[in-house]
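J.: Model the full structure from these sequences, guided by the hints.
Quick mapping for you: the protein sequence lines, in order, are chains L, Z and H.
Under full-length UniProt numbering, residue 841 is the last one in the first sequence; the count climbs by one each step, no gaps.
Under full-length UniProt numbering, residue 326 is the last one in the second sequence; the count climbs by one each step, no gaps.
Under full-length UniProt numbering, residue 251 is the last one in the third sequence; the count climbs by one each step, no gaps.
Some hints could be false.
[Said to hold, decoys possible] These stretches of chain L come out as covered by chain Z in the derived footprint (C-beta under 8 Å, 3 or more residues): (1) 35–46; (2) 282–293.
[Unchecked claim] Derived DEER-like restraints, expressed as beta-carbon distance ranges: (3) 33(L) x 65(H): 49 to 57 Å; (4) 219(Z) x 221(H): 29 to 37 Å; (5) 750(L) x 195(H): 38 to 46 Å; (6) 219(L) x 250(Z): 45 to 53 Å.
Calculated from the structure, these hints are not laboratory results.
Backbone N, C-alpha and C define an ideal beta-carbon position, used for all residues, glycine too.
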Amino acid sequence: MAHVPSQAKVVVIGAGIVGNSLVHHLAQLGWRDIVQLDKGPLPNPGGSTGHASNFIFPVDHSREITDLTLDSMRQYKEMGVFTESGGFELARTEERMEELRRRMSSARAWGIDAELVSPEFVKEKVPFIETDQFIGAFWTPSVGVVDSLRAGTLMRESALATGALTVVPGVEVTGLDVEEGADGHRRISRVRTTDGDIEAEHVVIACGVWSPKIGAMAGVSIPLTPAVHQMISVGPCPQLAATDGEISFPIVRDMDTFCYERQHGADMEVGSYAHRAILYEPEEIPSIEQAKLSPTEMPFTSDDFDPQLEQAYELMPDLLGAEGAEMRYAINGLLSLTADGSPILGESHVKGLWTAAAVWIKEGPGVGRAVAEWMVRGHSEIDVSHSDIARFHPHQLRREHTKLRTTEAFIKTYGIVHPAEQYESDRPQRLAPMHASQQKLGAVFFETGGWERPHWYESNAGLLDEYGDAVMPREHEWDARWWSPIINAEHLRMREAAGVIDLSAFEVFDIEGPGALDTVQVTCVAQCDVQVGKVVYTPVLDAAGGFRSDLTVMRLGEDHFRVVTGAAHGPADRQWFADHVPADGATTLTSRTDDISTIGVWGPRARDILAGLTSDDVSDAGFGFLSCREIPLNGTTVLASRISYVGELGWELYVGKDDAAAVWDALLEAGSSYGAVPVGIGVYGTTGRIEKGYRAFGFELDGERSIVEAAMQRPKVKAAEFVGKAAYLAQRDAPPAAVLCTMTVDNHVSASGTRRYMLGGEPILTREGGTLTDDHGHHPYVTTAGSAPSLGQHLLLAYLPPDEAHLGNELAVSYMEELYPVTVRSVDATGLWDPANERIR
Amino acid sequence: MILVLVETSLEGEAVEVSREAVTFARALSAAGGDRPIDAVTVGEPSADLVATLASYGVRRVHALTGDAFTSYAGAAWASGLISVQEQTGADLVMAAGTPRGNEVMAHVAARTDVAMAANVLAFEGLDPFVVTRQVVGGAALEEMRLGDRVAVLTVAGHAVEPRRAETPGAGELVVETPSIAEADLVARVVSTDEPEPDLSGALTSSRVVVGAGRGAGSADGFTDLLELTDLLGASLGVSRVVTSLGWRPHHEQVGQTGSRISPDLYIPCGISGAIQHWAGCASSKTILAVNTDVDAPMVTKATYAVIGDLHEVVPAINAEIRRRRG
Amino acid sequence: MVDVLVCVKRVVDSSSEVVLTDDAQAVDGRYAGFTMSAHEECAVELAVRAAADAGTTRVVTLGDEDAVEQLRHALAVGCSEATHVVADSSAFGPADVAREMAAVARDHDSQLVLLGNDAADSGDFQVGIRLAYALGWPVINGVSTVTVADGTVTASGTGPEGHETYEVPLPAVVTVLEGGVEPRYPTVTGRMKAKKVQIEEREPTTAPTGPSRVRLLLPPPAPSDVQILGNGPEAAPAVVDVLEQLGVLAR
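T.: Put into structure tokens, the structure is as follows:
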């Protein structure tokens with residue numbers, strides 16, 4: 001047995017599917033002196049990989065997860081450990097059939113072969129199923145099972161063969177040493193183990209359910225929780241024993257009972273996600289010696305499983321009730337869950353300390369590749385920003401939050417989850433200073449980054465009568481869930497008079513000092529070396545020229561910049577800028593999020609409202625577009641910035657927290673005489689921006705998209721260096737592989753005569769329903785869908801193949817398995833509303 | 001006074017664990033009161049047996065004889081023992097922690113309505129009388145108070161070394177034929193046969209046994225182990241978890257639940273050595289353990305050990321054997 | 001036809017390293033889980049077989065609310081009825097348990113009571129025998145096969161002189177050692193049936209006098225004189241040297 005070396009380039013903690021994949025890809029990318037540790041023995045150290053059911057259904061509503069899954073399937077196939085079985089997802093109810101239709105949309109959008117089939121079709125392939133138990137199914141022929149332990153061994157051996165890797169099983173990590181560098185950054189320096197210490201440049205925590213325990217050794221919170229997934233094995237079943245190999249029948253996911261049935265040789269494995277959420281603390285997991293089977297195979301609690309057993313029996317009575325078929329193996333298997341369901345990947349706030357945790361078998365090899373690329377090159381081919389450990393806000397790093405959210409979400413594992421669905425637990429966390437006023441106004445709050453943000457105000461319900469059908473009411477419950485026509489009424493009033501919008505959730509941070517200009521110049525694409533008092537909107541790129549963010553930068557002084565970005569992605573953006581602050585000891589990055597509240601006032605009467613509250617000159621001549629300065633207002637001083645994300649004249653006002661409620665009230669009061677109303681995020685985040693063709697990070701913009709594809713390129717590129725510049729220059733010289741376009745839906749009426757409104761994620765097809773493919777090999781799907789009340793249209797944004805990106809092109813969108821005609825109305829960033837931007841001036 | 005039930009072998013000798021029990025009784029006696037020690041045997045003992053017991057410090061040997069004792073009946077033995085206890089006024093009745101010892105003492109305790117401590121390893125004190133005994137199959141210990149008028153206990157095997165007394169006892173033989181109630185003879189052995197042929201014959205008679213436990217990892221994890229078994233002309237024995245997971249058939253199981261083996265060499269691979277498994281392999285002459293954990297009970301109890309994963313170590317051993325054989 | 005009562009105890013599964021509770025009064029089951037002992041699993045199997053023709057098999061336990069899990073397991077593998085004496089089993093000594101089991105046997109007119117030879121946790125080796133005296137019935141101890149015919153129970157097991165057989169008229173008590181039968185696993189339908197059985201709940205008949213436990217402790221690690229031959233595959237030559245010395249390498 002190898003001993004731990006005293007030094008390493010990188011120490012990977014964990015020899016499950018993630019750790020094994022990671023060492024393989026790090027070695028492939030040329031790293032040497034890789035050390036892999038695990039407390040348990042090989043090839044099964046006793047973590048979640050060892051008891052995984054090992055099947056893969058490729059279709060997920062999330063593109064990121066689907067991409068990782070498809071990449072993993074490719075790798076498993078290359079290793080020869082993938083067996084295609086096909087898989088069914090059953091619907092017992094009409095509501096579930098609708099969800100399966102929505103799943104078809106995702107399958108088409110990601111280009112995965114799938115179809116909706118009848119119970120008889122299922123019976124043909126799964127002869128022991130009872131067809132009277134369900135009404136239809138979603139059939140994915142490419143579903144299969146993998147041998148994840150074998151895959152892990154193969155990947156470990158491939159890394160060993162390069163001479164880059166030392167594997168040391170049976171070694172427990174007892175500590176992680178962190179040192180503070182001259183630049184003030186805390187950096188990983190050493191891994192302490194039961195077999196000696198290792199000095200290491202990089203350390204990756206890839207130890208699944210134990211990751212929080214290891215992270216805590218360096219003061220890093222890895223907010224996942226070990227949770228129970230129950231599984232039993234019933235056999236031998238004569239129907240299965242007669243077949244060769246591990247699996248001959250398609251896997252069945254019985255979606256409405258939250259169960260699956262998966263053949264494993266002569267046995268049928270029945271797994272469940274229907275039971276109560278059973279959570280553990282990572283410290284409560286037994287040692288190998290204390291555990292009966294393995295540390296992550298906890299004692300089975302049969303009471304929790306009984307209802308599922310009955311449902312499974314109803315579905316397959318002949319098989320599960322077969323003579324001699326016994327329940328020989330039953331476990332409460334531990335796996336890792338996170339509050340938002342996404343993995344936890346990337347570098348922590350301790351430099352050099354990475355994590356790759358909360359990963360399922362279906363994503364393992366893909367995650368290994370992505371994180372290895374990220375470590376070696378600084379970015380990964382597959383955009384994994386939704387899984388970035390930097391995404392968490394402080395309140396989300398509490399174990400309590402993870403427990404409450406996973407408890408609430410557990411039943412959603414196979415649930416029907418609306419894309420806008422809100423969590424109920426662990427709220428409220430962060431309240432705007434004007435929260436009390438908003439409650440009185442009947443605000444309906446949605447949560448972003450812990451902030452309670454009014455999505456619309458019931459107090460504006462009176463506007464519905466005023467605007468009538470112009471608010472584009474939605475008659476189908478699904479389309480109208482988590483939505484209100486009041487949003488569109490608020491939109492129309494804002495365009496007509498003005499709206500006051502609470503933007504307290506903005507992430508705001510100041511960069512000050514001699515290196516401040518360099519910091520923003522190197523991170524931002526746009527020229528930030530502007531006059532003091534100017535506001536810059538800019539993309540932020542990674543080294544490969546993919547989007548890391550888009551945000552605004554204000555120059556408040558020669559050596560003082562203020563960065564303002566969205567709440568959801570705020571922590572990751574702040575971390576990115578902090579990582580680029582020079583180590584001169586004098587340049588600082590300070591978060592102002594908690595002491596500054598932002599209020600927007602926009603609309604044709606915004607200037608009148610502001611003028612009535614300030615002695616300053618807010619005329620166009622006195623306060624030009626894209627400029628900012630402090631002005632007196634309502635007895636205090638606010639930083640006013642003249643920009644707009646909704647396409648109207650107006651300002652963002654940065655107000656001290658203590659004064660924000662008073663300023664809010666003053667704006668509403670002063671505004672009321674001009675017809676202004678409070679306006680929610682429904683307008684700010686969707687209707688206002690898409691009428692203007694404004695893009696949003698996380699929707700249109702992500703690491704796999706370029707400025708050119710998003711049609712956001714400016715005539716010139718600044719001379720100063722910035723991250724991603726070389727890639728961006730190359731992108732500008734090449735024709736785009738896809739073009740972001742805006743489309744209108746020409747006819748909303750479904751076959752049953754109901755007007756339907758797409759919500760996003762739907763595939764764009766030819767008018768006849770044929771598949772479109774862009775030059776990446778991707779298929780177009782709707783990145784944002786929403787009402788454009790001022791146009792009386794429902795707009796869809798999507799990246800189209802360049803050939804299809806021409807005005808007037810007639811295509812179709814598939815929604816719930818019906819085609820609706822659409823027409824391309826914009827092939828660049830030009831808004832359909834006020835294309836000349838006259839209203840902003 | 002202390003009364004010890006002594007079990008005898010087919011050859012009429014005091015079995016080792018009974019001699020241990022007498023040795024233990026002597027320690028109790030020495031600790032307080034120098035209580036005399038009497039033994040009880042079933043059937044008339046040979047002069048050798050009486051002499052042996054005397055050398056262990058026994059004052060009197062009470063031999064239970066008569067028709068009631070020709071074949072085993074736990075209640076009858078207990079009844080005879082109680083008659084001796086009553087007649088001698090013994091305040092402590094004990095036996096070795098064998099199946100019979102535990103059974104007879106349980107009868108004694110039930111009939112006299114006192115507590116009983118099974119499988120005692122040591123005593124902590126006499127007043128109060130606190131003993132330490134094995135529980136959870138020996139994986140844990142219990143300190144237990146015995147405060148009754150008559151204390152009843154059994155002594156766990158190997159709790160003490162059997163040792164003769166510095167001052168031998170008188171060794172006086174008293175033959176007794178107590179009257180036994182018919183009810184106490186209802187449950188008695190009606191026939192004794194030769195042990196049935198063992199289905200796991202190869203396993204129990206092999207000179208070399210290769211063992212495999214949870215460390216095998218899966219049903220497919222036995223390839224290298226079977227090759228080693230082949231190379232050594234050995235048998236494969238497995239731990240309970242391996243059979244309960246269905247990786248290997250039950251007849252290969254070694255332990256309390258399975259076969260008891262006593263090969264010249266036992267090579268347990270990936271077996272931590274839980275007490276239940278140890279019960280089945282403790283009499284192996286030499287143990288060579290392969291385990292990832294240097295602190296695993298199987299490693300600490302072994303003669304030799306290799307620290308490492310069986311999936312790495314066993315193929316290397318196989319290759320080395322093939323190499324030396326050319 | 002015979003009505004069998006089989007007594008089981010919810011115990012910590014002790015096949016892995018034993019962990020004690022903080023108060024050292026019990027074995028901690030949070031990692032390893034709970035089960036009934038292998039002896040009792042065999043007793044249940046024998047009881048189910050004995051009653052297979054026409055009789056009933058009632059499983060009984062004395063334990064807290066969670067002990068229902070062991071009753072349901074026994075029902076799932078073929079017991080037909082269940083009684084739960086709801087009580088903290090740690091407060092009951094062997095004599096207390098025997099008294100409670102006797103009360104259940106009397107109330108249900110059981111003719112044959114099967115138990116494990118000894119509880120996997122407390123290892124007292126006496127509940128079955130005390131129960132027999134409480135009922136005034138004969139007791140066969142430590143056998144691994146049990147059959148019932150014509151009002152007689154025939155049982156056998158391994159004794160010091162060979163394979164011993166007992167024949168005892170009913171009613172009787174028998175304590176079972178594992179090894180004679182292979183206990184079955186539950187089937188899906190068995191488990192579903194078990195869920196629907198109404199379990200009789202009862203209180204203990206008398207306050208227990210309690211066990212005589214002072215505390216539990218873990219045995220000290222045995223002294224080791226193991227010779228470590230090496231780590232990992234590099235140790236192979238040293239291993240084969242030992243094999244040669246022991247003379248087990250010759251073909």
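J.: Okay, the segment 282–293 of chain L and chain Z, do three or more residues pass the C-beta test at under 8 Å?
T.: holds (count 4)
J.: Holds or violated: 38 to 46 Å for the Cβ distance of residue 750(L) and residue 195(H)?
T.: holds, 44 Å
J.: Taking the beta carbons of residue 219(Z) and residue 221(H), is their distance inside 29 to 37 Å?
T.: holds, 33 Å
J.: Could you check the hint for me, namely that residue 33(L) and residue 65(H) are 49 to 57 Å apart, CB to CB?
T.: Hint holds: Cβ distance 56 Å, inside 49 to 57 Å.
J.: Hint says 45 to 53 Å; check whether the CB-CB distance for residue 219(L) and residue 250(Z) agrees.
T.: holds, 50 Å
J.: Between the segment 35–46 of chain L and chain Z, see if three or more residues pass the 8 Å beta-carbon test, and mark the coverage as holds or violated.
T.: holds (count 5)
Violated hints for the displayed structure: none, as all numbered hints are satisfied.
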